[in-house]
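Chains A and B are the protein sequences, given in the same order.
If you count by my numbering, then the first sequence holds residues 10 to 124, one letter each, in order.
If you count by my numbering, then the second sequence holds residues 24 to 133, one letter each, in order.
Some hints could be false.
Said to hold, decoys possible - In silico BS3-like pairs for lysine-lysine, Cα to Cα no more than 30 Å straight-line:
#: 1; chain 1: B; residue 1: Lys40; chain 2: A; residue 2: Lys89
#: 2; chain 1: B; residue 1: Lys94; chain 2: B; residue 2: Lys78
#: 3; chain 1: A; residue 1: Lys89; chain 2: B; residue 2: Lys82
#: 4; chain 1: B; residue 1: Lys94; chain 2: A; residue 2: Lys89
#: 5; chain 1: B; residue 1: Lys26; chain 2: B; residue 2: Lys128
#: 6; chain 1: B; residue 1: Lys80; chain 2: A; residue 2: Lys112
#: 7; chain 1: A; residue 1: Lys112; chain 2: B; residue 2: Lys78
#: 8; chain 1: B; residue 1: Lys94; chain 2: A; residue 2: Lys88
#: 9; chain 1: B; residue 1: Lys86; chain 2: B; residue 2: Lys128
#: 10; chain 1: B; residue 1: Lys132; chain 2: B; residue 2: Lys80
#: 11; chain 1: A; residue 1: Lys89; chain 2: B; residue 2: Lys78
#: 12; chain 1: B; residue 1: Lys82; chain 2: B; residue 2: Lys132
#: 13; chain 1: B; residue 1: Lys86; chain 2: B; residue 2: Lys132
#: 14; chain 1: B; residue 1: Lys78; chain 2: B; residue 2: Lys128
#: 15; chain 1: B; residue 1: Lys128; chain 2: B; residue 2: Lys82
#: 16; chain 1: B; residue 1: Lys82; chain 2: B; residue 2: Lys26
#: 17; chain 1: B; residue 1: Lys94; chain 2: B; residue 2: Lys80
#: 18; chain 1: B; residue 1: Lys40; chain 2: B; residue 2: Lys86
#: 19; chain 1: B; residue 1: Lys132; chain 2: B; residue 2: Lys40
#: 20; chain 1: A; residue 1: Lys112; chain 2: B; residue 2: Lys94
#: 21; chain 1: B; residue 1: Lys40; chain 2: B; residue 2: Lys82
Just so you know, these hints were derived from the structure itself, not from any lab.
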Amino acid sequence: SQTIHQWPATLVQPVGSPLSLECTVEGTSNPNLYWYRQAAGRGLQLLFYSVGIGQISSEVPQNLSASRPQDRQFILSSKKLLLSDSGFYLCAWSGTGRVGNEKLFFGSGTQLSVL
Amino acid sequence: SQKIEQNSEALNIQEGKTATLTCNYTNYSPAYLQWYRQDPGRGPVFLLLIRENEKEKRKERLKVTFDTTLKQSLFHITASQPADSATYLCALGSNYQLIWGAGTKLIIKP
């Protein structure tokens, strides 16, 4: 069966520090991969999605970046965190259908606090 | 702009009753509508997907309706249990986009 691993679960970082969140998927090949951010009381905001190795689409201009070095690995990074980067970050995967048509399977999330 | 509305107030339901959650949308013509459950501090879990040409879909105690004329989806949980307490999110999808509501918190009281 497929599983998705996301870590760390919580992270407290000072403003201006770098960020690296990692997500890996097991039990499936060539999944679509996604990074979302969820603010309290708001809908999920898509940050990045990837349909293959090295293929990254950015949905929201920001100081974050994403990379997909391997088929089932997705990394969210920042060189310098801002206070506004605080939030609940979720990694997800789906089948290879078009974005919006596929059900998503989410990781357990990372609660990031930038102080 | 596209807008999805879910009741921002928590919904309190007595155990055993049917819980009904609403998802309304404007300025959008989705081909798909999905419902997810999210527990505190956890990622959402997929529940049901319904297509625009489907009026109703069921899975065990869950039922979803999709009315493209009213631009509304209703999500029903029959014989509700305290374990059903969670936040429920709706998401509207087309080929290239998935837009999320903010969710409704459901509380089932014993």
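Problem set entry | Pair hint outcome, Lys89/A versus Lys82/B [Cα-Cα no greater than 30 Å] | 45 Å, violated
Problem set entry | Hinted pair Lys94/B and Lys88/A, Cα distance within 30 Å | Outside the cut-off at roughly 42 Å; violated.
Exercise. Is it true that the CA of Lys112/A sits at most 30 Å from the CA of Lys94/B?
Worked result: 21 Å, holds
For this session: Take the C-alpha atoms of Lys80/B and Lys112/A, compute the straight-line distance between them, and say whether it is at most 30 Å.
Result: Holds: Lys80/B and Lys112/A sit about 15 Å apart, inside 30 Å.
Problem set entry | Restraint status (C-alpha distance of Lys78/B to Lys128/B at most 30 Å) | 25 Å, holds
Problem set entry | Straight-line alpha-carbon gap Lys40/B to Lys86/B, limit 30 Å | Satisfied, since the Cα-Cα distance of roughly 14 Å is no more than 30 Å.
For this session: Please work out if Lys82/B and Lys132/B have their alpha carbons no farther apart than 30 Å.
Result: Holds: Lys82/B and Lys132/B sit about 23 Å apart, inside 30 Å.
Problem set entry | Pair hint Lys82/B and Lys26/B, alpha-carbon separation not exceeding 30 Å | With a Cα-Cα distance of about 27 Å, the restraint between Lys82/B and Lys26/B holds, given a limit of 30 Å.
For this session: Below or equal to 30 Å on CA atoms is what counts here, so check Lys128/B against Lys82/B.
Result: Roughly 20 Å separates the two Cα atoms, so the pair holds.
Exercise. Holds or violated: Lys86/B with Lys128/B, Cα cutoff 30 Å?
Worked result: This hinted pair holds, its Cα atoms lying about 17 Å apart.
Exercise. Within 30 Å, alpha carbon to alpha carbon, are Lys86/B and Lys132/B?
Worked result: OK: Lys86/B and Lys132/B at ~21 Å, within 30 Å.
For this session: Given the hint that Lys89/A pairs with Lys78/B, test it: the Cα-Cα distance must not exceed 30 Å.
Result: 48 Å, violated
Consistency with the previously given hints fails for numbers 1, 3, 4, 8, 11, ordered from lowest to highest.
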